[in-house]
Amino acid sequence: MLAVLLIVWFALPLVPLALWAFADRWSFPSAIPTVWGVDGLDAAIAAGGPAASGRSFLLGLTVALIATPIGALAARGLVAGWAPLPKILPVLLFAPVAIPPFAAVLGTNVLLLRAHVPPMLGLVVVLVAAAVPYTTFMLRTAYAAHDVGFEEEARTLGASAGQVLWRVHLPLMAPALARAAFLAFLVGWSDYLVTLIVGGGQFVTLPMITASLAAGIGNDSVVAVLSLTAVLPPLILLVLLARTGSHRRP
Amino acid sequence: MTSAIALRQITKRFIDHRPPALSGVNLDVLPGTCTALLGPSGSGKSTILRIIAGLEDPSGGRILLGGRDITDVLPEKRNVGLVFQRPLLFPHLSVIDNVAFADRAAGQTRRQARDRARPYLDMVQLGDLGDRGVGSLSGGQEQRVAIARALAAQPTILLLDEPFSALDATLRHEMHELLLRIRRELSPTILMVTHDRDEATVVADRIAVLENGQLLQHDTVDRVYHRPASLDVARLMGGENVVSGVVRGGVHHSGLGAVPVDESAEEGPGALVFRHESAGLIPGHASPAPAGALHATVVAVIRSGLRQRATVRVGTELLQVEVPGTMTVTAGDAVTIILPEQILWVVAT
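Residue numbers (my numbering), protein chains in the order written: chain A, 1 to 250; chain B, 1001 to 1349.
Treat the hints as calculated values from the structure; they're not laboratory data.
Incorrect hints may have been included.
[Unchecked claim] Partial list, computed: chain B residues near chain A (C-beta under 10 Å):
no.: 1; residue: 1088
no.: 2; residue: 1093
no.: 3; residue: 1104
no.: 4; residue: 1159
[As the list claims (entries may be wrong)] Ranges between beta-carbon positions, derived for each pair:
no.: 5; chain 1: B; residue 1: 1269; chain 2: A; residue 2: 83; range: 49 to 59 Å
no.: 6; chain 1: A; residue 1: 174; chain 2: B; residue 2: 1166; range: 21 to 31 Å
no.: 7; chain 1: A; residue 1: 113; chain 2: B; residue 2: 1013; range: 45 to 55 Å
no.: 8; chain 1: A; residue 1: 192; chain 2: B; residue 2: 1041; range: 55 to 65 Å
no.: 9; chain 1: B; residue 1: 1131; chain 2: A; residue 2: 97; range: 43 to 53 Å
no.: 10; chain 1: A; residue 1: 83; chain 2: B; residue 2: 1305; range: 46 to 56 Å
no.: 11; chain 1: B; residue 1: 1169; chain 2: A; residue 2: 232; range: 51 to 61 Å
no.: 12; chain 1: B; residue 1: 1128; chain 2: A; residue 2: 3; range: 30 to 40 Å
no.: 13; chain 1: A; residue 1: 174; chain 2: B; residue 2: 1041; range: 33 to 43 Å
no.: 14; chain 1: A; residue 1: 232; chain 2: B; residue 2: 1042; range: 50 to 60 Å
no.: 15; chain 1: B; residue 1: 1077; chain 2: A; residue 2: 83; range: 27 to 37 Å
[Stated by the list, open to error] Computed footprint of chain B on chain A, listed as stretches where at least three residues anywhere in the stretch have a Cβ under 8 Å from a Cβ of chain B:
no.: 16; region: 142–155
no.: 17; region: 165–172
C-beta atoms are modelled at their ideal positions from N, C-alpha and C, and glycine is treated no differently.
Please work from the sequences and hints to get the whole structure.
If you want it as structure tokens, here you go:
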């Protein structure tokens, strides 16, 4: 029952979006669109929606691929006690989340420009820095519960360090790594501010075209289509994650 | 004969841990034998196994396996099997793939590795559970799979770190029988950590007694029980009869009176020790007293299962004697305690 209520709670805001996405016209006070159609979809494609989605996906993926291993190393170091400054490090790692993003991004942007860091590289670096706290803290819990005995046993069975990583560590940590990667992906996928300021407007992502169209008037259906596009990939990933988490191989 | 395992002056210091976990341990284990490492918690038993397996580096000393110095060899190159108290079966692999792990790591195909794993799974009598997930196994089955997995790697030595201590008494008994069968069929060299004296007696040929990181004695089961090298060994082996006195001319003089002892006993101050399980007790004051007999009075009797433990007074000394449950003894009874010379041992003090 609670599960059903939760699903309704999360799905309810999406209902108007779904209706707007296929509304060519929706005049007040009609409860449902007055003219159904795919004008919004056409406009979204014309505005560069697919390419922007692809860029957002690429950005999310890049951030996830870099922030997850960094988070795993930091988490393992913190749990095992070999990370330097064990008291201060968590605070430093959490700093990007604690500082107001606008202040942090503007300050960082000046620094990156002075240092002649290419905008794309700067974008990835800043987003990875923003994602690492999430991956670290997510994985710290997982590593605290992880039994290194499995890896020791594998070593005595003749597995090299690489084989232990591939055959034991990664399969055991896969659910936690996937959850951490998902969070990191979301940081890149949904970012607007950093992409706009640090990326210097060269890299047009889905949130950027959605925001620019949302600022205009009469774009309700195209904004709805783009918003749904932004919601769906994380939702699909989340469902996949839940499935892999519950159907572990025997 | 070259020792299967030889430890030479092994020392281990952990940071913030004093005194050292191990100090100057020397140990030789002959091929095909089973040695039990016995000692209280924190005595360094498990550390010895981890050092032999390569999971800990010694702070000093050398480790030789079959005469080869492996002190600086990586754990995966040592060919040493290790079974922990926790079965540590890989949860993402099936039972058969757990047993096949070593062969897979060695580069064999999944099919080859599984074919080679099956006899080992049969040996631990779980041949029909190969396709199961490890989550569906009971505690005893998990430990059997863990042993099969270690054996399938065909290690030159097998290290067992209290592998049965988490199991109940019935399962533990079954596992002891399994271990004896494995010993008969494969004759592996086994070094097994345990804190259970009875377990050591059942499965091992020899016992190495450890305390505070020092090896106190390494000898046959019988000698460690009946010929302890020190009073510490006698205490750790559960010896309860320690009578202080002096040896003069092959006779131990104490509160018990004059008791003839083995002629190898050192002259001078020495404690007479003997096992409460080995002494005999007969009702009444036997007259004439047979050799090795002493008149005693029962002070207290405690029943434990089918056995009972009598505390008796001889002269000024209190002694412990185990008697059959069928014998009627009560406090105040006059009895005769029989101490044959071969069960007596003197530890110089």
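Status of each hint after checking the structure:
| no. | hint | result |
| --- | --- | --- |
| 1 | 1088 | 5 Å, holds |
| 2 | 1093 | 8 Å, holds |
| 3 | 1104 | 7 Å, holds |
| 4 | 1159 | 8 Å, holds |
| 5 | B:1269 with A:83: 49 to 59 Å | 57 Å, holds |
| 6 | A:174 with B:1166: 21 to 31 Å | 27 Å, holds |
| 7 | A:113 with B:1013: 45 to 55 Å | 53 Å, holds |
| 8 | A:192 with B:1041: 55 to 65 Å | 58 Å, holds |
| 9 | B:1131 with A:97: 43 to 53 Å | 46 Å, holds |
| 10 | A:83 with B:1305: 46 to 56 Å | 53 Å, holds |
| 11 | B:1169 with A:232: 51 to 61 Å | 58 Å, holds |
| 12 | B:1128 with A:3: 30 to 40 Å | 39 Å, holds |
| 13 | A:174 with B:1041: 33 to 43 Å | 36 Å, holds |
| 14 | A:232 with B:1042: 50 to 60 Å | 57 Å, holds |
| 15 | B:1077 with A:83: 27 to 37 Å | 29 Å, holds |
| 16 | 142–155 | holds (count 7) |
| 17 | 165–172 | holds (count 4) |
Hint compliance for this structure: no hint is broken.
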